[in-house]
Amino acid sequence: MQVHNQIFGAPLAGITDKPFRRVVREFSPSAPLYTEMISCHSLVEAHKNCLRNFDRYDQEENIGTQIFGAEASLMGEAAKILQDAGATWIDINMGCPVPKVATRSGAGANLMRDHKLAEKIMRSVVKAVSIPVSIKTRLGWDDANRDWQELIKIAEDCGVSFAALHGRTRAQLYTGDSKLPEIDEFIKIPMIGNGDIKTVADVKRVFGLGYAGAMIGRAMLGKPWILGVLAGQCQTPKNIGDVVLRHFEYMLEYYGEKNATQMFRKHAAWYSAGIPNSAEFRIKVNQISDSREMKAEICKFWGCEAVL
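Quick note: the sequence shown, position 63, residue 62 per numbering that gives the first Met the number 0, numbers continuous.
To be clear, the hints were calculated from the coordinates, so they are not data collected in a lab.
Remember, it's a predicted structure, so these values are computed and weren't measured experimentally.
From the three backbone atoms N, C-alpha and C, an ideal C-beta is built for every residue, glycine too.
Treat the hints with caution; some may be incorrect.
Said to hold, decoys possible - Within a straight-line C-alpha distance of at most 30 Å, the following computed DSBU-like cross-link-like pairs (lysine-lysine) qualify:
id: 1; residue 1: Lys-152; residue 2: Lys-79
id: 2; residue 1: Lys-79; residue 2: Lys-17
id: 3; residue 1: Lys-265; residue 2: Lys-299
id: 4; residue 1: Lys-152; residue 2: Lys-115
id: 5; residue 1: Lys-115; residue 2: Lys-187
id: 6; residue 1: Lys-299; residue 2: Lys-257
id: 7; residue 1: Lys-17; residue 2: Lys-237
id: 8; residue 1: Lys-115; residue 2: Lys-17
id: 9; residue 1: Lys-152; residue 2: Lys-178
id: 10; residue 1: Lys-115; residue 2: Lys-126
id: 11; residue 1: Lys-178; residue 2: Lys-299
id: 12; residue 1: Lys-126; residue 2: Lys-47
id: 13; residue 1: Lys-17; residue 2: Lys-265
id: 14; residue 1: Lys-47; residue 2: Lys-17
id: 15; residue 1: Lys-197; residue 2: Lys-265
As the list claims (entries may be wrong) - Quick list of simulated restraints, FRET-style, between CB atoms:
id: 16; residue 1: Gly-158; residue 2: Ile-274; range: 41 to 49 Å
id: 17; residue 1: Ile-274; residue 2: Leu-116; range: 45 to 53 Å
id: 18; residue 1: Lys-283; residue 2: Gly-209; range: 42 to 50 Å
id: 19; residue 1: Lys-178; residue 2: Val-199; range: 42 to 50 Å
id: 20; residue 1: Asp-241; residue 2: Leu-172; range: 29 to 37 Å
id: 21; residue 1: Asp-176; residue 2: Glu-44; range: 23 to 31 Å
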């Protein structure tokens, strides 16, 4: 896969599922995208209540499947399952800051303060698959422990192909400004910059710091076309309502009516952000559980037509 000069779509829990990636692909056909993070336990044990455990990736070009966990052997097994499912590369989550992942399960950002376990996991995953392996991490656990360079050096020694760095510590969560450090010549693997990247100027700034690529996260919310816009491949669509309807149809196809309609409420709110009367629209859609009613409200708000 190509890493240099690429704009990546970040892994976002509850967001970058198969329907969302399908919409993003309409605007950025070849952009490198990530799945939501997938629990190695859930995947290996084939938990049936998690649909993404059974996704196939053969038809998704340039797709990285992100896994998290604290058991090296299980992480290797999970990586092999995802390779067999058609993933382009495997990403190890070493930056998720939420307590459920980082403290209670000892995974995610906890690996930034347990480099021995991080090394075991990276070696296990790299050994288990023949496709590239990457990691996604942060500056460190807190301001007193900004040791990301040490972790990257270990990753290099383990055979990791590239790494994404979020410009905050775990202690910051998602508050304050993301501040990416400059990449020096002592780091040998390509680095992808992540955190508060929203504009072409932001992308240029990240490349200017020595990063091989830029990763877009929360800026994708309600704007699945932004990767294409930043890469100069497309413009913001004129008929946003049509995009919203297609996204909802993909959700219905994947999750079924009951779950899809409830889950789509947040997407409808993000799509409407900044548009006149969006507050009233959000109040309405947050009370909708019927797919036909959701489509009707979307059409009314954006002035588009739908087959109900």
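Hint check:
{"no.": "1", "hint": "Lys-152 - Lys-79", "in the structure": "holds, 24 Å"}
{"no.": "2", "hint": "Lys-79 - Lys-17", "in the structure": "holds, 20 Å"}
{"no.": "3", "hint": "Lys-265 - Lys-299", "in the structure": "holds, 18 Å"}
{"no.": "4", "hint": "Lys-152 - Lys-115", "in the structure": "holds, 13 Å"}
{"no.": "5", "hint": "Lys-115 - Lys-187", "in the structure": "holds, 21 Å"}
{"no.": "6", "hint": "Lys-299 - Lys-257", "in the structure": "holds, 21 Å"}
{"no.": "7", "hint": "Lys-17 - Lys-237", "in the structure": "holds, 24 Å"}
{"no.": "8", "hint": "Lys-115 - Lys-17", "in the structure": "violated, 34 Å"}
{"no.": "9", "hint": "Lys-152 - Lys-178", "in the structure": "holds, 20 Å"}
{"no.": "10", "hint": "Lys-115 - Lys-126", "in the structure": "holds, 17 Å"}
{"no.": "11", "hint": "Lys-178 - Lys-299", "in the structure": "violated, 41 Å"}
{"no.": "12", "hint": "Lys-126 - Lys-47", "in the structure": "holds, 27 Å"}
{"no.": "13", "hint": "Lys-17 - Lys-265", "in the structure": "holds, 16 Å"}
{"no.": "14", "hint": "Lys-47 - Lys-17", "in the structure": "holds, 16 Å"}
{"no.": "15", "hint": "Lys-197 - Lys-265", "in the structure": "holds, 20 Å"}
{"no.": "16", "hint": "Gly-158 - Ile-274: 41 to 49 Å", "in the structure": "holds, 47 Å"}
{"no.": "17", "hint": "Ile-274 - Leu-116: 45 to 53 Å", "in the structure": "holds, 46 Å"}
{"no.": "18", "hint": "Lys-283 - Gly-209: 42 to 50 Å", "in the structure": "holds, 47 Å"}
{"no.": "19", "hint": "Lys-178 - Val-199: 42 to 50 Å", "in the structure": "violated, 20 Å"}
{"no.": "20", "hint": "Asp-241 - Leu-172: 29 to 37 Å", "in the structure": "holds, 35 Å"}
{"no.": "21", "hint": "Asp-176 - Glu-44: 23 to 31 Å", "in the structure": "violated, 40 Å"}
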